[in-house]
Amino acid sequence: MRRSLQDQIEEAALLLFSRQGFNETSTFEIAKAANVSEATIFRMFKTKHDLYINVLDKYGRKAELSYNSIFHRLSFDDLESDLKVIVESFYHFYFENIHITRIYISNAIQFSEITGFNYLAYPQLREFLEGYLKEMSIRGKVSEEFPSRISNLVMSLMVKDVAFLTTFSKLEALDDKTLSLLREKWQKRLVLLSLMR
1 MRRSLQDQIE EAALLLFSRQ GFNETSTFEI AKAANVSEAT IFRMFKTKHD
51 LYINVLDKYG RKAELSYNSI FHRLSFDDLE SDLKVIVESF YHFYFENIHI
101 TRIYISNAIQ FSEITGFNYL AYPQLREFLE GYLKEMSIRG KVSEEFPSRI
151 SNLVMSLMVK DVAFLTTFSK LEALDDKTLS LLREKWQKRL VLLSLMR
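1 is the number of the first residue of the sequence shown in my numbering; add one for each residue after it.
If you're looking for bench data, these hints aren't it; they were derived computationally from the structure. Treat the hints with caution; some may be incorrect.
[What the hints assert, rightly or not] Each computed DSS-like pair below joins lysine-lysine, with the alpha-carbon atoms no more than 30 angstroms apart:
1. Lys84 with Lys134
2. Lys48 with Lys32
3. Lys177 with Lys188
4. Lys170 with Lys185
5. Lys170 with Lys141
6. Lys188 with Lys48
7. Lys84 with Lys177
8. Lys185 with Lys58
9. Lys185 with Lys48
10. Lys84 with Lys32
11. Lys160 with Lys188
12. Lys58 with Lys134
13. Lys141 with Lys62
14. Lys46 with Lys62
15. Lys58 with Lys48
16. Lys188 with Lys141
17. Lys185 with Lys141
18. Lys134 with Lys170
19. Lys188 with Lys62
20. Lys48 with Lys62
21. Lys188 with Lys58
22. Lys84 with Lys48
23. Lys32 with Lys46
24. Lys134 with Lys48
25. Lys32 with Lys141
26. Lys185 with Lys32
27. Lys46 with Lys58
28. Lys62 with Lys84
29. Lys160 with Lys170
30. Lys160 with Lys177
31. Lys58 with Lys32
32. Lys177 with Lys134
33. Lys48 with Lys141
34. Lys160 with Lys141
35. Lys160 with Lys46
36. Lys84 with Lys46
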């Protein structure tokens, strides 16, 4: 089935906004990548900004982390191994949706409209993590204060890891070498987290 002109434009815009940023991407470049004229872009979208918000909405809604698959892999007995499962699941999700997540993270401060796409800020993952840590507290595996202190720390470290990797080094795939480096980082962090229990 042939892609529509709008799909061609949105796909090209997604890649270019992700790789270059909003300000550095011109509608001329988008038109060239989509194999259309700039006039075609402006017939479908009033401004580059409208195209940008449309791309965020369209592709952002498709990006969804499967919490059931994570839940079924947790032991609820070993905090360190369970956090590894949660963290690695996030990394895989992030890289599977690299272009939309990179756009969101790199431009959330610049465009107030983007804050309306808070589903890209992983609120469900934060809630999932907090729920997991509360359950571990109920089971006596961590102290009562641990969940509230640690969930924000774990979330910020995960997002920082991928934001730096994908924004500054322009990494677009989670290869074995990168995953190994991330695992090493988390192994050290997990030792520190276990001291805080």
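| request: Quick one: which hint numbers does this structure break? Sort them smallest to largest. | output: 5, 6, 8, 9, 10, 12, 13, 18, 19, 21, 22, 24, 25, 26, 32, 33, 35, 36
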